[in-house]
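Undergrad: Put chain B on the given structure of chain A with help from the hints.
Protein chains: 2
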Amino acid sequence: MAAQPRDVVEQYVKLVATGPTDDIVALYADNATVEDPIGSEVRTGHAAIRELYAALENVAERNTELHTVKVAGKHAAVSFTLVTEFGDQRMTLSPIDIMEFDDAGKIVAMKAYWGPDDLVMEQS
Amino acid sequence: MAAQPRDVVEQYVKLVATGPTDDIVALYADNATVEDPIGSEVRTGHAAIRELYAALENVAERNTELHTVKVAGKHAAVSFTLVTEFGDQRMTLSPIDIMEFDDAGKIVAMKAYWGPDDLVMEQS
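Chains A and B, in that order, are what the protein sequence lines are. Read left to right, the first sequence gives residues 1 to 124 (full-length UniProt numbering). Read left to right, the second sequence gives residues 1 to 124 (full-length UniProt numbering).
With the rest of the complex left out, here is chain A (with noise of 0.2 Å):
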């Protein structure tokens, strides 16, 4: 059975927190775009996704909260926020993801909607 939009989203959200990447990338179809955040050059299929979610693997902490997740026959909207911790810099992200679905389940296009005012810098 094709896996449900939400049941991915809540995955997604939760494996952007534990990793592995390539769990994260296991939700992508094969030739899926992401454009994160919206307006920045596009990427294309698994490598070149695999790469903006490795960057993750070198923080020393990072946690994820799921605030809202819209589901639409095969769109979903999911607004979370990642915390990730590296040294004494704490950064906090706040996007809200827009995600469109195959008929497998997998995400075949991710946009992130985020700007300055949803990216914090602090000393922790």
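A portion of the hints provided could be inaccurate.
Since copy identity is lost for identical chains, a pair holds within one copy or between any two.
[Said to hold, decoys possible] Below 20 Å or equal to it, Euclidean Cα-Cα: the simulated SDA-like pairs (lysine to any residue) are: (1) Lys-74 - Ala-26; (2) Lys-74 - Glu-41; (3) Lys-74 - Gly-115; (4) Lys-74 - Ala-55; (5) Lys-74 - Asp-117; (6) Lys-74 - Asp-118; (7) Lys-74 - Ser-94; (8) Lys-74 - Leu-119; (9) Lys-74 - Trp-114; (10) Lys-74 - Glu-35; (11) Lys-74 - Gly-39; (12) Lys-14 - Glu-41; (13) Lys-74 - Arg-62; (14) Lys-14 - Glu-51; (15) Lys-14 - Ala-60; (16) Lys-74 - Ala-47; (17) Lys-106 - Leu-15; (18) Lys-106 - Ala-60.
Since the hints were made in silico from the structure, they are not lab data.
TA: Below, chain B alone, put in the same frame as chain A:
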């Protein structure tokens, strides 16, 4: 000076509660598209978009609450709640809308993310 996306979004959520309909429609560019909810038929242009918001004129009470706005350049995502009362029926709709803006700060495209779980009908 062109209207800023964040200001337009805030005005949009306010006007959805207060009207008038013409002021909501005026936030859109002439050939704007609206897909509400995403996956439904696309409305193109002021006349078609007007129909969507004119339906709000029939409810006795309407209120909106803005939860969060994300702005990335000419793109924005907004999470808000609309409550309408008509007779003894209260409807609560909590979408995430994504919007794209033109250089003048007009909305050129809006897509609303919500499904059955985000629409509550109850006796008030």
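Undergrad: Given a CA cutoff of 20 Å, do Lys-74 and Ala-55 count as a within-copy pair, a between-copy pair, both, or neither?
TA: neither (28 Å within a copy, 26 Å between copies)
Undergrad: Cα distance capped at 20 Å. Does Lys-74 pair with Ala-47 within a copy, between copies, both, or neither?
TA: Answer is neither; intra-copy 24 Å and inter-copy 28 Å both fail.
Undergrad: Quick one: Lys-74 to Gly-39, C-alpha cut-off 20 Å, is that within a copy, between copies, both, or neither?
TA: So Lys-74 and Gly-39 pass the 20 Å test across copies only (8 Å; inside, 22 Å).
Undergrad: With identical chains treated as interchangeable, where does the CA-CA distance between Lys-74 and Asp-118 reach 20 Å or less: within a copy, between copies, both, or neither?
TA: between (26 Å within a copy, 15 Å between copies)
Undergrad: Which holds for Lys-74 with Asp-117 at a C-alpha limit of 20 Å: within a copy, between copies, both or neither?
TA: Only across copies: Lys-74 and Asp-117 sit 14 Å apart there, 29 Å inside one copy, limit 20 Å.
Undergrad: My question is about Lys-14 and Ala-60: at a cut-off of 20 Å on alpha-carbon distance, are they close within one copy, between copies, both, or neither?
TA: within (16 Å within a copy, 42 Å between copies)
Undergrad: Is the C-alpha distance from Lys-74 to Gly-115 at most 20 Å within one copy, between copies, in both cases, or in neither?
TA: between (26 Å within a copy, 11 Å between copies)
Undergrad: Between Lys-74 and Glu-41, at a C-alpha cutoff of 20 Å, which is it: within one copy, between copies, both, or neither?
TA: Between copies only: 15 Å across chains, 24 Å inside a chain, cut-off 20 Å.
Undergrad: Evaluate Lys-74 and Arg-62 at a C-alpha cut-off of 20 Å and name the case that applies: within, between, both or neither.
TA: neither (29 Å within a copy, 30 Å between copies)
Undergrad: Under a CA distance limit of 20 Å, which applies to Lys-14 and Glu-41: within one copy, between copies, both, or neither?
TA: neither (25 Å within a copy, 33 Å between copies)
Undergrad: Which holds for Lys-106 with Leu-15 at a C-alpha limit of 20 Å: within a copy, between copies, both or neither?
TA: Within one copy only: 15 Å inside, 37 Å across.
Undergrad: With 20 Å as the alpha-carbon cut-off, assign the pair Lys-106 and Ala-60 to within, between, both or neither.
TA: For Lys-106 and Ala-60, neither the intra-copy (29 Å) nor the inter-copy (43 Å) Cα distance is at most 20 Å.
The structure fails hints 4, 12, 13, 16, 18 (numbered hints given earlier, in ascending order).
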